[in-house]
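Number of protein chains: 4
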Amino acid sequence: MTSHYTLTITCPDRAGIIAAVTGFIAQYDGFIVEASYHTDVAAQRFFMRQEIRADSLPFEADEFSRRFAPLAVDFAMSWQLTDSARNKRLVILVSKQDHCLDDLLHRWRTKELNVDIPCVISNHEDLRSFVEWHGIPFIHIDMTIDKTAAFEQIAALFDEYQGDTMVLARFMQIVPPFLCQRFSGRIINIHHSFLPSFIGAKPYHQAHLRGVKLIGATCHYVTDELDAGPIIEQDTMRIDHGDTVDDLVRYGRDIEKTVLSRGLRYHVEDRVLVCGNKTIVFK
Amino acid sequence: MTSHYTLTITCPDRAGIIAAVTGFIAQYDGFIVEASYHTDVAAQRFFMRQEIRADSLPFEADEFSRRFAPLAVDFAMSWQLTDSARNKRLVILVSKQDHCLDDLLHRWRTKELNVDIPCVISNHEDLRSFVEWHGIPFIHIDMTIDKTAAFEQIAALFDEYQGDTMVLARFMQIVPPFLCQRFSGRIINIHHSFLPSFIGAKPYHQAHLRGVKLIGATCHYVTDELDAGPIIEQDTMRIDHGDTVDDLVRYGRDIEKTVLSRGLRYHVEDRVLVCGNKTIVFK
Amino acid sequence: MTSHYTLTITCPDRAGIIAAVTGFIAQYDGFIVEASYHTDVAAQRFFMRQEIRADSLPFEADEFSRRFAPLAVDFAMSWQLTDSARNKRLVILVSKQDHCLDDLLHRWRTKELNVDIPCVISNHEDLRSFVEWHGIPFIHIDMTIDKTAAFEQIAALFDEYQGDTMVLARFMQIVPPFLCQRFSGRIINIHHSFLPSFIGAKPYHQAHLRGVKLIGATCHYVTDELDAGPIIEQDTMRIDHGDTVDDLVRYGRDIEKTVLSRGLRYHVEDRVLVCGNKTIVFK
Amino acid sequence: MTSHYTLTITCPDRAGIIAAVTGFIAQYDGFIVEASYHTDVAAQRFFMRQEIRADSLPFEADEFSRRFAPLAVDFAMSWQLTDSARNKRLVILVSKQDHCLDDLLHRWRTKELNVDIPCVISNHEDLRSFVEWHGIPFIHIDMTIDKTAAFEQIAALFDEYQGDTMVLARFMQIVPPFLCQRFSGRIINIHHSFLPSFIGAKPYHQAHLRGVKLIGATCHYVTDELDAGPIIEQDTMRIDHGDTVDDLVRYGRDIEKTVLSRGLRYHVEDRVLVCGNKTIVFK
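Chains as they are written, first to last, in the working numbering: chain A, 1 to 283; chain B, 1 to 283; chain C, 1 to 283; chain D, 1 to 283.
One or more of the hints may lead you astray.
[Unchecked claim] Just a few of them, taken from the derived set where beta-carbon distance is under 7 Å, the chain B residues facing chain C:
(1) 106
(2) 132
(3) 133
(4) 254
(5) 258
These aren't lab readings, by the way, just hints derived from the structure by calculation. The beta carbon of each residue, even a glycine, is placed where N, CA and C say it ideally should be.
All chains, full assembly: derive it from the sequences and hints.
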């Protein structure tokens with residue numbers, strides 16, 4: 001597979017943005033593989049994503065960026081250019097449940113998901129053997145004594161292992177505000193309900209108590225406010241009166257891992273742009 | 001189609017209930033067409049539904065009930081026997097939007113839904129011609145002057161037209177507690193969100209603001225507490241960042257009418273049993 | 001709602017197409033509301049669709065076309081420009097079942113679907129009163145004596161009523177090749193199965209016999225080969241062993257009307273481009 | 001969790017079957033946890049499944065069977081009684097792709113699926129390390145030289161390891177008739193299409209070529225006729241024109257593993273009864 005550059009842009013909406021950007025690319029014979037656009041009418045902002053074949057351009061990413069910069073200034077763009085040849089580095093946090101971890105490691109080892117996983121961090125020892133079988137370092141952190149210190153250690157590990165994205169794969173611990181702010185837009189959580197229903201603890205119990213006819217899961221960026229960050233992906237499945245809480249937990253695992261892996265893929269491929277508390281997902 | 005009797009029962013859970021009831025039916029050569037059972041473990045209650053071919057029994061519904069009564073007492077059963085030969089009578093309440101009404105009237109006139117619709121009540125005149133084309137009385141009630149009086153008039157009309165079930169087909173008015181209590185378990189509403197998310201007014205606006213990736217609709221029994229009654233049926237559909245509030249409203253209409261008609265069918269066929277604030281739906 | 005022009009293009013794939021087209025639009029300060037692109041790698045062809053706000057341009061559609069023509073020649077484009085201010089004209093063909101017709105007429109009379117319906121044609125008289133209540137001419141054509149003559153009459157009516165698209169809303173008659181060819185890409189059918197499963201007659205019986213666990217419906221362009229034309233939209237729903245053929249038929253009606261109305265909307269909004277026997281649907 | 005007995009029965013339909021069976025159970029104070037019934041009208045056969053709490057009965061499974069036998073004869077029943085305390089033994093066959101295997105082993109090691117996996121058989125060496133990490137024997141069989149001999153070896157291994165069910169978890173080899181017949185109703189396959197569409201090789205390529213808008217997967221019992229055995233479970237998911245064959249393959253893996261694990265669970269819990277070429281699945 002040829003590598004490509006992904007150019008994502010957001011700027012105030014006006015006429016001529018697409019022409020300017022695609023004109024710039026065409027000027028160097030850049031071959032656009034995939035192009036997506038969106039206008040948020042309320043925010044009056046424009047969003048775009050271009051995938052350009054790296055080998056169609058006469059220069060490297062750095063030079064592209066240097067030449068593109070003046071145009072970006074003209075349109076007051078926030079933008080970034082990423083190179084698909086460089087894998088994003090995911091630091092995965094887990095507790096005891098491993099269905100999301102198992103799912104992610106399978107996609108990683110079969111190269112379905114093109115990422116690096118420099119380490120897995122957990123507040124329990126249970127999953128060490130499985131992680132280490134993959135040749136990935138497993139780091140245990142005790143969270144029972146000093147939670148703040150533990151999260152500071154996590155932040156330090158994330159830096160040390162040069163993480164791009166922190167994945168809470170059913171981590172079951174509330175991330176403190178200082179971490180949310182420090183890694184804003186870089187922490188992804190899977191919540192086991194169809195948000196905004198059933199925020200917080202034991203959502204399947206809440207769902208069972210309310211007597212809903214579908215359950216769901218939500219992949220979202222983590223912010224200060226619990227389970228209220230920008231939603232990347234969601235899904236639901238049908239249940240009925242015969243299903244116990246244990247059944248919901250079991251069905252739920254299948255939705256959780258699917259929703260997390262889809263959301264994570266969008267993020268990793270730079271398909272997710274954030275606008276206020278909402279996401280644009282260019283599938 | 002042969003008519004059948006539907007026997008629905010709820011009682012404290014214990015061994016031998018199915019044997020006692022099916023033994024009673026077998027004793028008279030009753031032919032069971034469909035049989036469903038459920039135990040609510042938390043409530044320690046048992047629920048069952050039997051469809052029996054009317055012509056397999058040597059007596060009519062009244063006699064069945066008379067003979068069944070002692071057994072029901074032994075097991076402390078709440079129960080009812082309905083005859084499919086007698087259509088339930090739905091009084092439909094609407095405002096200006098007619099997608100649910102159109103859907104229900106189509107199912108009624110093609111006999112997909114075996115019910116009688118003695119009248120349609122509305123706080124607007126808009127849908128008179130369409131309803132009257134069906135030969136169904138259309139009654140306009142002004143709700144702008146005295147809401148309580150208007151709802152008392154609705155209750156009186158419901159009685160006058162011998163309604164069994166009141167259907168709020170996007171009625172857009174909050175039913176007062178006295179009516180909810182008087183017709184408990186007999187008022188069905190379609191709410192245009194996936195409850196418990198987005199209770200109250202303008203749920204599609206709320207959904208758009210929150211940035212959810214699926215929208216839904218909920219068919220439920222109406223109780224004192226707004227949008228919090230027992231849920232009969234729900235469904236969701238996928239949306240994305242490109243969809244405006246108007247798009248959500250448009251997609252939503254398709255979910256609303258499907259969910260309402262499914263929930264209503266379950267109710268009309270005596271498939272719904274209520275247990276606290278939850279429903280058992282024997283599909 | 002402001003009107004817009006929709007520009008749809010297909011041409012051999014190469015670098016610079018987007019830049020050329022959006023550059024052309026930007027040169028006249030055209031404001032692009034929605035932009036979609038696709039490359040069919042096997043066919044080496046590029047497809048695009050642009051919605052441009054009509055009032056952002058300094059000239060009308062005709063002048064746009066005149067000026068755009070040379071560029072289209074340079075890139076060997078097949079293209080068309082449509083004006084949202086001009087409704088497409090749908091001629092609807094039905095037999096006796098009216099669930100799709102009812103659905104379409106409801107969307108038409110509530111202006112959810114911005115089309116004109118100059119007439120409804122049927123080989124039965126059953127639906128006359130319902131259609132005429134809408135103020136739409138209802139034309140009965142006898143198909144029992146001479147089918148070819150009947151289809152020639154349908155073609156003549158389609159021309160007389162200046163139809164753009166012929167909609168087979170459960171018409172239950174096989175359209176002869178001469179008509180398929182004459183109105184290629186302009187006849188839309190709803191087939192009551194998830195194609196390519198269960199082609200031809202009685203698909204719900206076929207589905208029941210095979211014991212599938214989901215049923216479906218397919219909206220497609222009609223071609224010479226029965227139920228084998230380009231697919232525009234499909235959907236499925238879950239069934240189980242307890243469902244009879246009659247149940248499948250009943251559930252199926254809900255899928256059929258949803259799938260037909262969605263597919264038709266895509267077509268009417270010029271979102272569907274055909275590539276061989278496949279469609280690109282720019283949602 | 002208390003263990004339970006599962007009694008599954010099929011017999012010619014007539015009045016009084018439920019009463020006779022539940023009366024028998026009640027006579028010994030047997031506590032029914034779950035009860036399901038179905039009549040196949042065309043086949044005139046009745047199907048039922050009862051879960052009975054083992055500790056509510058005054059005797060063991062053997063004695064239950066001995067006492068039940070005369071009643072079974074009276075009604076010409078085919079029946080079986082299984083004990084949830086005894087795990088079914090699954091022999092899993094794989095080739096190189098491991099998404100279904102990974103999924104099944106995860107459910108096994110977390111005890112979500114209560115089965116024993118005495119061995120995994122493969123025609124490739126690729127998955128040895130992963131399987132052996134679980135402490136499960138991995139047996140490689142060369143299928144390139146003599147396919148018939150290889151399948152005889154598989155049959156011998158199945159017997160040696162006392163398998164109950166053979167699971168083709170993307171095995172990619174056509175099972176010969178002698179094996180299908182010998183283990184009728186005991187071989188489960190996952191086919192990567194929504195059957196009966198796209199039978200045989202490369203179904204995702206077929207789907208892409210046909211331009212369908214949904215893809216699917218099917219879990220079914222293996223019979224002599226390729227991909228034509230009784231269907232246990234199916235599901236579909238939405239795709240669009242932008243998806244390549246590789247995308248379909250990738251999405252498809254998620255459906256395949258979910259559908260296989262659901263179908264397998266139904267089978268393992270004795271929820272699947274076969275009627276001709278169809279299944280009754282008592283969920």
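Against the structure, the hints:
1. 106: The hint holds - residue 106 of chain B has a Cβ within 7 Å of chain C, the shortest such distance being about 5 Å.
2. 132: violated, 10 Å
3. 133: Holds, because the Cβ-Cβ distance from residue 133 of chain B to chain C comes to roughly 5 Å (cut-off 7 Å).
4. 254: holds, 6 Å
5. 258: Holds, because the Cβ-Cβ distance from residue 258 of chain B to chain C comes to roughly 6 Å (cut-off 7 Å).
The structure shown violates just one earlier hint, number 2.
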